[in-house]
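*Asks:* Read off the chains here:
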Amino acid sequence: DAKTTQPPSMDCAEGRAANLPCNHSTISGNEYVYWYRQIHSQGPQYIIHGLKNNETNEMASLIITEDRKSSTLILPHATLRDTAVYYCIVRDRSGKLIFGQGTELSVKP
Amino acid sequence: GAGVSQSPSNKVTEKGKDVELRCDPISGHTALYWYRQRLGQGLEFLIYFQGNSAPDKSGLPSDRFSAERTGESVSTLTIQRTQQEDSAVYLCASSPDSYYGYTFGSGTRLTVV
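Protein chains in written order, with this note's numbering: chain A, 1 to 109; chain B, 1001 to 1113.
Only chain A is shown next, with the shape it has when bound in the complex (with noise of 0.2 Å):
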């Protein structure tokens, strides 16, 4: 099963756009990325998956390389609501969602 890298942490200039990277070498073929916010006090929130090609929603966008082993969570106009921590997960084969341990993403005034 694929695992994920992120960076612990990172900070954003409210109303910049706030680009959070994953690493996923080991993907397979049919392996989707999912991204999910979590914060705090509150459950997880879904925010966009994708298998291969760039996705985009009306929270935030998703760019996959071209050989699917990593991608960026773009969030185009970030404001204080989104800090969070922000997961980047691939989905394993029996479907389960394993959490890492995520980016702290904080945006600042």
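Errors might be hidden in some of the hints.
Short, incomplete list of chain B residues facing chain A, as computed with Cβ under 7 Å [what the hints assert, rightly or not]:
1. Asp1056
2. Phe1065
3. Leu1091
4. Phe1104
Simulated from the structure, these hints should not be mistaken for laboratory data.
Please read all numbers here as calculations on a predicted model, not as lab measurements.
Glycine residues also receive a C-beta, built at the ideal position from the N, C-alpha and C atoms.
Assemble the complex: chain A is given as a structure, and chain B must be docked to it using the hints.
*Replies:* Leaving out everything else, chain B in the frame of chain A:
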């Protein structure tokens, strides 16, 4: 309801007592997951249900932990003879099947004193 509902939201219990935690998934969601999150830590996978069968129980930490699911509806996580290290937030999530994103509940905060 519109989301995943967990009850109770908070539970304080004495060491050695048994506790039951309940999860009501979103209607129609066949997949249901339980996770545990200790203070300041990441999420630990406990168990996964597809319908009322549990193909993956690999995360249950000991035989004091068990879980059941009634059809494609409510699930209960039971912890027998609770220990202080069981103190954590227990999170439940459901999804339409094993390949969609999960929706998480708000969790049950369990404190063993």
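*Asks:* With reference to the structure, classify each hint as holding or not holding.
*Replies:* Checked hints:
1. Asp1056: OK, holds: aspartate 1056 of chain B within 7 Å of chain A, min 5 Å.
2. Phe1065: 16 Å, violated
3. Leu1091: 5 Å, holds
4. Phe1104: 3 Å, holds
Against the hints set out earlier in the document, a violation occurs for number 2 only.
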